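A.B. asks: Protein chains in written order, with my numbering: chain A, -17 to 131; chain B, -17 to 131.
Honestly, the hints are just simulated from the structure, not real lab data.
Just so you know, not all the hints are guaranteed correct.
Copies of the same chain look alike in the list, so a pair counts if it fits in one copy or across any two.
Below, simulated DMTMM-like cross-link-like pairs (lysine to aspartate or glutamate); rule was C-alpha separation at most 20 Å, straight line [said to hold, decoys possible]:
#1 K124 / E11
#2 K124 / D105
#3 K118 / E19
#4 K91 / E81
#5 K128 / D(-3)
#6 K131 / E115
Every value quoted in this text rests on a predicted model; they were computed, and no experiment measured them.
The chain contents come next:
Protein chains: 2
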Amino acid sequence: MRAALEEANAAALRDEVPIGAVLINAHGEIIAKAGNETRAQNDPSAHAEILAIRQACAKEGAQRIPNTTLYVTLEPCAMCAAAISFARISRVVFAAPDEKGGGVIHGGKFYEQPTCHHRPTYDHGLMANECGETLKSFFQKKRAQKSLK
Amino acid sequence: MRAALEEANAAALRDEVPIGAVLINAHGEIIAKAGNETRAQNDPSAHAEILAIRQACAKEGAQRIPNTTLYVTLEPCAMCAAAISFARISRVVFAAPDEKGGGVIHGGKFYEQPTCHHRPTYDHGLMANECGETLKSFFQKKRAQKSLK
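Isolated chain A (complex conformation):
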């Protein structure tokens, strides 16, 4: 999760929403890592999780990457929760919950739906404060910049 938070911090420096994700294989090795790039790539689907999945799938030459764990600094949204399932990722660990936009334990709770055909196990709370703080201070700065304009 520390590596995912580094990706989130790097995203903040690029003026992207600071969320980071890291994929590890069954040996505990990092196989992909990414921060949000929706602004840089002009792509609303370029969330950290999707970018990490695309990286790992490209490396593997496959559209499924079983026996992997995704660490991500914020609860995945509906889009990412579904992409994680499609990629057959085994386990998801997210730091901070996302009441406003989460899709795992909030909103449509994708993994609890009959339309979900692969359910990763998931945990949350690991480094939740640090990862949540990074997001909070990013948006506080944004609001302060706006109010100065």
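Chain A is fixed; fit chain B onto it per the hints.
C.D. replies: Below, chain B without anything else, positioned relative to chain A:
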């Protein structure tokens, strides 16, 4: 929807799940079109809708493409339903409903969740038979091929 179905048929010829999507602007002009490419791109997020959104956003140089309508041959899944919302697409028209994997009128019904912050209007049923038939016959052939092995 006819153009979207052409994309679906082209996808079938590439041995991809035959779903097609077309984005049109406020003048009724096609600004992006795509069929599924999850196999060719080794990317579980390369659904027709996401590829069309990426195309249109790249053209516009923006991560949001308001005042557009997406035509798609099958009900979008949770991933695509959310991506459509993030892209600020105004309207979604899908042909066949998808009881097994849909995310608009099935499963998590993303646009009805409090975690959805832009709700496109949506309609369905247009050319539902033709578009559904394309999918059905693709999977029938797949099963027949498998049973011959």
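A.B. asks: Out of the numbered hints, which ones does the structure contradict?
C.D. replies: Numbers 1, 2, 6 - these are the hints that the structure violates, sorted from lowest upward.
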